[in-house]
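Residue numbers (the working numbering), protein chains in the order written: chain R, 1 to 362; chain L, 1001 to 1252; chain G, 2001 to 2177.
Simulated from the structure, these hints should not be mistaken for laboratory data. Among these hints, one or two may not hold up.
Claimed, not checked - For lysine-lysine, the following DSBU-like pairs were computed, each having C-alpha atoms within a straight-line distance of at most 30 Å:
id	chain 1	residue 1	chain 2	residue 2
1	G	2028	R	182
2	L	1169	L	1193
3	L	1010	R	204
4	L	1010	R	193
5	L	1010	R	206
6	G	2140	R	3
7	L	1169	L	1190
8	R	206	L	1190
9	G	2157	R	182
10	G	2080	R	3
11	R	271	G	2140
12	G	2028	R	358
Note that the coordinates shown come from a computational prediction; the quantities given were computed from them, not determined experimentally.
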Amino acid sequence: MAKVLMKGNEALAEGAIRAGCKLFFGYPITPQSEIPEYLSRRLPEVGGCYLQAESEVAASNMLYGAAGVGERVFTSSSSPGISLMAEGLSYIAGAQLPVVVLNMVRGGPGLGGILPAQSDYLQATKGLGHGDFRLLVLAPSTVQEAADLIVDAFDLADKYRNPVMILGDGMLGQMMEPVEFKDRPKSKDLPPKTWAATGLVPGKKKSIINSLYLDPLELEANSWELKAKYDAMARDELRWEQFNCEGEYDVLIVAYGSMARICKTTIELLKKRGVSVGLFRPITVFPYPYKQLSDAAQKAKMVFCVEMSTGQMLDDVKIALEGSRPIHFYGRTGGIVPSPEEVLRQVERIRNGEEVDKVWER
Amino acid sequence: MGKVVFKRPKSLADVPTHYCPGCPHGIVHRIIAQCIDDLGIQQRTVGIAPVGCSVLAYNYFNCDFFEASHGRAPAVATGAKRARPDLIIFAYQGDGDLASIGTAEIVHACNRGEKITVIFINNTVYGMTGGQMAPTTMPGQVTTTTPYGRDVNSIGWPIRVCELLSSLKTEAFIARVSMHSAREIVNAEKVIKKAFELQIANRCFTFVEVLSSCSTNWGMTPVEAQKWIEKEMVPYYPLGVFKSPNGDESKN
Amino acid sequence: MTTELIVAGFGGQGVLLFGKFLALSGLKEGKEVVWIPSYGPEMRGGTCNCTVVVSEDPIGSPIIDSPNTVVVMNKPSLAKFGPRVSPDGLLLINSSLIDTTSDRTDIRIETVPANDIALELGNGKAANMVALGAYVALTKVVKFDTILDVVKENFAKKKEFLDLNIRAVKKGYELAS
């Protein structure tokens, strides 16, 4: 299929359809409203159902219902809306259901703003809702990667019976790039959904979609069962990209999503000045490629974490490095997207033994 | 051999329930199970349990089930029904679940005309958490959080859910029945069956409110509690069919 | 070879469409492209803009501090983006609505009376297409035939505007060639 120019939001919506998802429940919020708009037009064309819920809380519970009867289902939102979906997602994780959720992150806390940010990293990777659960979180950096990852997201959700999140930001959603929807063979090896609540027919065990375990030993067993899945993800599903890491480098930049692609331009600009800097970009941010980052960092004198937040992924960088390298951090937030030149100036400063600029102190 | 005139419906599980003695939940469960049997829909029925006393309802029915979060059963039902329109979906909710935390979900499921059946148990208190005030608690009624009685000047009047939902334009079947006498219980079964029939026909949203009791939290014997429903609740919550797609509304 | 563009103007002047048509043309020619609308503090102050990058190589940042080409359709945009053109870059000014210019000597400054021409052609709204034609003539970032095809394809369903926009992009191109 030929490449088409699409907004990230539209490419993700189309990707969900290509993944065989025929159900969307959501609620409008900037900067992702192109997704419900696109799907409200496209889903009826493929015999699917688009439904605008009364709230994100309701949408997340509609997801629970649709996933529980064994169908592929998708929702998208942005930061304040994801907070409201925390309820449904906790139940979904507890009941071990597959769903795909997209967060086109905007600045927070509270109502925040409508511009790109990476300030929901900790929420996405460490604590989206109550209880001992995690989402598998994929962070695309280009529109093409977003379109590819969302197809994978549905397979991963089915494979692990766990919610999978695409963690984007307003920039990825609003940006247009060429995208090609590759015809991919239907995933084999996915287990049949024998657990789904589709009716008590002869020969089938009664299905109860549930996260309630009043017996503490049973609840503990469920939590350890979830943990075993997360360990399996950490073993089998890690994804990352290294850029300009073949040769020598003084500084290793660590960044994800939109911020990582901006840093690639920084690295190209630095190359022209004869300075070699590497980039480590985690694509799965839960599970996090700790060892791979640590290995890449051993060639560098220092590690430079750059985010559109006040320092959230920074925690994982610290865990990965275990104090083995000095870590510098530069963050802009509130909807400010650092330019390649701005990052370059910070790289120069830390190479000279200086602190990063605190441009936000005005 | 005598003829069997009364037995456990096969859609009702052969297990003891955790409900208090005298609690009508068991009666309503039995009615639903009987309807499922009579209509021959057991193999395609999926129930949705709420948060509240009937949180464990999934153990008491022989059909597939969900346990929903507090108040969201209509949203879960919507997701399941939209994904699998061939299934028969019923939600079972209490007054705190449906008329307080889940107000948005029930109003919008009704307004969208979701082809589901909602059974709403109104016993005027939060039973499971120990008898606190519910949105349907009667004026002056003493509960653990209204020790001086419900003061309507401070917290408003009890919500009449059937009347509220009936004000929506979308076609629906909306009825209120009661557990206060054998006659009313027999009628309740007819009305609940009607609701399921309309869902099977893919006709409209179907909703049956059941006036019920909580003798434990009301501090009454079950017989006293039945009388209290009739004397205190029925005048405020009139029984009847409030809205019907067939135009056969009947108010008592 | 990488061409970076910021095109800016009032909301309603069609600068986003200008950028989109350029990106579509780049894509048609098999190049890497990215288009991104106004972001960050630039959204303040009543101007609307987008950034487009067209390149032979994979594109990293869509966020450009100092683009090598800038098109300004109104006066506030000149004040905001004129200083940001990279040295030796191009600044194209819509002289119909901007009666001043930039005092920079390290860049190439060109003008096009986009609104006047569009009005002569029958509709002032086609000013963006006049400017686009001129921009393509000045930068040669894509072939003229390619941009013409994109205009035709995108206005195929709006027949009443098709002819106007074709004439507008042609006129702009001819004037600047």
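Hint check:
1. For the given pair, residue 2028 of chain G sits about 19 Å from residue 182 of chain R by alpha-carbon distance, which is consistent with the 30 Å threshold.
2. In summary, the hint linking residue 1169 of chain L to residue 1193 of chain L is supported, as the alpha carbons are separated by about 23 Å, within the 30 Å threshold.
3. Pair hint residue 1010 of chain L plus residue 204 of chain R holds up; C-alpha atoms about 16 Å apart against a cutoff of 30 Å.
4. For the hint linking residue 1010 of chain L to residue 193 of chain R, the alpha-carbon distance of about 26 Å falls within 30 Å, and the restraint holds.
5. In summary, the hint linking residue 1010 of chain L to residue 206 of chain R is supported, as the alpha carbons are separated by about 14 Å, within the 30 Å threshold.
6. Note on residue 2140 of chain G and residue 3 of chain R: the hinted pairing holds, with a Cα-Cα distance of about 23 Å set against a maximum of 30 Å.
7. Taking the CA atoms of residue 1169 of chain L and residue 1190 of chain L, the gap is near 25 Å; set against the 30 Å cutoff, the hint holds.
8. A C-alpha spacing of about 27 Å is found between residue 206 of chain R and residue 1190 of chain L, which places the hinted pair at or below 30 Å, so the restraint holds.
9. With a C-alpha separation of about 28 Å, the suggested pair residue 2157 of chain G and residue 182 of chain R falls inside the 30 Å cut-off, and the hint holds.
10. This hinted pair does not check out: residue 2080 of chain G and residue 3 of chain R have alpha carbons roughly 34 Å apart, beyond 30 Å.
11. Restraint check for residue 271 of chain R and residue 2140 of chain G: satisfied, since their Cα atoms lie roughly 27 Å apart, inside the 30 Å limit.
12. Of the pairs offered as hints, the one joining residue 2028 of chain G and residue 358 of chain R is violated, with about 43 Å between alpha carbons and a cut-off of 30 Å exceeded.
Consistency with the previously given hints fails for numbers 10, 12, ordered from lowest to highest.
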